[in-house]
Amino acid sequence: MSQPQRVLQARGCAAGQFEGEMVVSRQPFGFWQGLDPETGVVIDKRHDLCGVSIKGKAFVFPYGRGSTGTPGIFLEAVRNGCAPSAIINVKSEPMIIMCALLAEAFFKVAIPIVDGLDVPAQEALRTGDRVRIDGATGRVEILGRELAGSQAVVKE
Amino acid sequence: MCCGRRMTGGMGENMYLTDEEQGVLDGQRGEPQRLALRVLVKLGEACGAERMVEIASAHLVASSYQIAGEAGIEIYSQLVAQGARVRVRTTSDPGSIDFARWREFKTPEQYAARQVKIAALLDQMGVIPTWTCTPYTTFNVPRFGDHLGWSESSAVVFVNSVIGARTNRLAAYVDLCAALTGRVPCFGLHLSENRRGEILFELTPDLAANFADHYFPALGYLVGQTVGDKVPVIVGLPGATFDQLKAFGAASAASGSVALYHMVGITPEARSLEEACGGRVPAERIVVGQREIAGIMEQMGAAADGPVDVVGIGCPHASIDQMRRYAALLDGKQVHSDTQLWVCTNVVVEEMARKMGYVAIIERAGAKLMVGTCHNDCPLGAWGFRRLVTDSGKFAYYTPTTVGTQCVFASTEACIQAAIAGKVERS
Chain A
1 MSQPQRVLQA RGCAAGQFEG EMVVSRQPFG FWQGLDPETG VVIDKRHDLC GVSIKGKAFV
61 FPYGRGSTGT PGIFLEAVRN GCAPSAIINV KSEPMIIMCA LLAEAFFKVA IPIVDGLDVP
121 AQEALRTGDR VRIDGATGRV EILGRELAGS QAVVKE
Chain B
1001 MCCGRRMTGG MGENMYLTDE EQGVLDGQRG EPQRLALRVL VKLGEACGAE RMVEIASAHL
1061 VASSYQIAGE AGIEIYSQLV AQGARVRVRT TSDPGSIDFA RWREFKTPEQ YAARQVKIAA
1121 LLDQMGVIPT WTCTPYTTFN VPRFGDHLGW SESSAVVFVN SVIGARTNRL AAYVDLCAAL
1181 TGRVPCFGLH LSENRRGEIL FELTPDLAAN FADHYFPALG YLVGQTVGDK VPVIVGLPGA
1241 TFDQLKAFGA ASAASGSVAL YHMVGITPEA RSLEEACGGR VPAERIVVGQ REIAGIMEQM
1301 GAAADGPVDV VGIGCPHASI DQMRRYAALL DGKQVHSDTQ LWVCTNVVVE EMARKMGYVA
1361 IIERAGAKLM VGTCHNDCPL GAWGFRRLVT DSGKFAYYTP TTVGTQCVFA STEACIQAAI
1421 AGKVERS
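One line per chain: the protein sequences are A and B, in this order. Residues in the first sequence are numbered from 1 upward in steps of one, following my numbering. Residues in the second sequence are numbered from 1001 upward in steps of one, following my numbering.
For the record, the hints were derived by calculation from the structure and aren't laboratory data. Please note: incorrect hints may appear among the correct ones.
Claimed, not checked - Here are the simulated DSBU-like pairs of lysine-lysine, each with C-alpha atoms no more than 30 Å apart in a straight line: (1) B:1355 to B:1368; (2) B:1106 to B:1368; (3) B:1117 to B:1368; (4) B:1106 to B:1117; (5) B:1333 to B:1423; (6) A:45 to B:1423; (7) B:1106 to A:45; (8) B:1368 to A:108; (9) B:1355 to B:1333; (10) A:55 to B:1117; (11) A:91 to A:45; (12) A:91 to B:1230; (13) A:45 to A:55; (14) A:45 to B:1355; (15) A:91 to A:108; (16) A:55 to A:91.
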């Protein structure tokens, strides 16, 4: 098991374990009309991740916004295997937490969600870095980049 | 406050649950209620609720196939097979088709069939098929202080702000969990301390004195964009109609996540600025003048003069007052042959408008009624629209993605004028 470069303590919002790559955005995100549930690609033309896939990734964004239809798209993505596999927010609004609860209730898929990291901690999260998340305890471990089987050190 | 018992360990350990609620979690009322209450209790725990609260009604947003998709059909089918029935009055949001006219709107047949399937499943659960985002005008009219389990952001913001009922912005399917159990976790806007105004918007006297009808959605858009999910307070408006409040709220809930606003002297929890803010000093004070309104309208839909494919009015669904207004503007006129003018409303308003002769006038002018759905909920790819004109802040926010068009935001009069001319002529 790879050793974390840095450990951050967040608040656990939805239980589950994740280890994998992060996709980081500094903009709020709305899943309804923001995500293509068939591919997991961001389709909101106003968003900085437009065209990027968040499928199977830890999706890092400040907070969710927009329609109450959010879980409609989110669960369709879960059903298609195209949803993000974990979420890190500055503040997880109930809408996002509801998505994870519903995914677990109706599709038996656990998507850990954590929030409450302070600004310096948020800024330590970089697209492409690997991360380990425990949604129950809120522990976030930054593992850095994996290059040819070795651990690359990310310059801060 | 609560007669329940504290549970120990696991599910609900941080919430008081009544014996009845504990029984539901133990499966005494069947699997759908057990599953539904489990979701609600977990939500309550994540959001710091101390208990559940009984609700007067529910409103479901995942009634449209566009939102529910195949995942929704799977969920509803599972619940229906387990005998799920709603326990409180529950209404449905717009669907993804006009059930009577879907062929006219070029909806693919297979797509329409999936929406019909959802309708049958909701029917089996006892949902009232209102197919509207304005259920609060008929069939599902909350009272001041009622606790509710509603979704549909434009309806949530209306019933909280204009009626003084209490609901959080529930998500799709969580609204159904509320309907199946008759309960929601008591947090957020169910509690008085979270209903106090936080950010103050003060209109300049000059703007207030010249506040046009279409400034309501524009101001809502600006407010939503500025406050996110905080509670805004608007001071300085001399008055507002039912439809203007509806338009303001819908825009604020689309561009931001506003679930409650106060307008001093207009909405029921804001008889004074002090009451609106619960005696506290607002964290921020923002002055809005003509320049700010012009700026936001530019952002909502600035476009050069040019042809228009489609005009969308009736978002949120048009009231009978709005139908009268549309009829008056269209009487004796003809919509341009290259342009579609679609008026979105619900079946109740349609029927009344028909009785009153408005439908005949609107249809004679070449406009179409789009009933029980809207531009945003319907698949419109077959039309190849490039440019939409609307008087709705919510349409302005969503249609660039949903319909894939450029958007021009304009007053209702200018929208109808553009439909007749087949183009926008900006003064």
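Hints and how they fare:
| no. | hint | result |
| --- | --- | --- |
| 1 | B:1355 to B:1368 | holds (17 Å) |
| 2 | B:1106 to B:1368 | holds (13 Å) |
| 3 | B:1117 to B:1368 | holds (25 Å) |
| 4 | B:1106 to B:1117 | holds (19 Å) |
| 5 | B:1333 to B:1423 | holds (15 Å) |
| 6 | A:45 to B:1423 | holds (25 Å) |
| 7 | B:1106 to A:45 | holds (26 Å) |
| 8 | B:1368 to A:108 | violated (44 Å) |
| 9 | B:1355 to B:1333 | holds (21 Å) |
| 10 | A:55 to B:1117 | holds (29 Å) |
| 11 | A:91 to A:45 | holds (23 Å) |
| 12 | A:91 to B:1230 | holds (13 Å) |
| 13 | A:45 to A:55 | holds (18 Å) |
| 14 | A:45 to B:1355 | violated (43 Å) |
| 15 | A:91 to A:108 | holds (25 Å) |
| 16 | A:55 to A:91 | holds (21 Å) |
The structure is inconsistent with the numbered hints 8, 14, although it conforms to all the rest.
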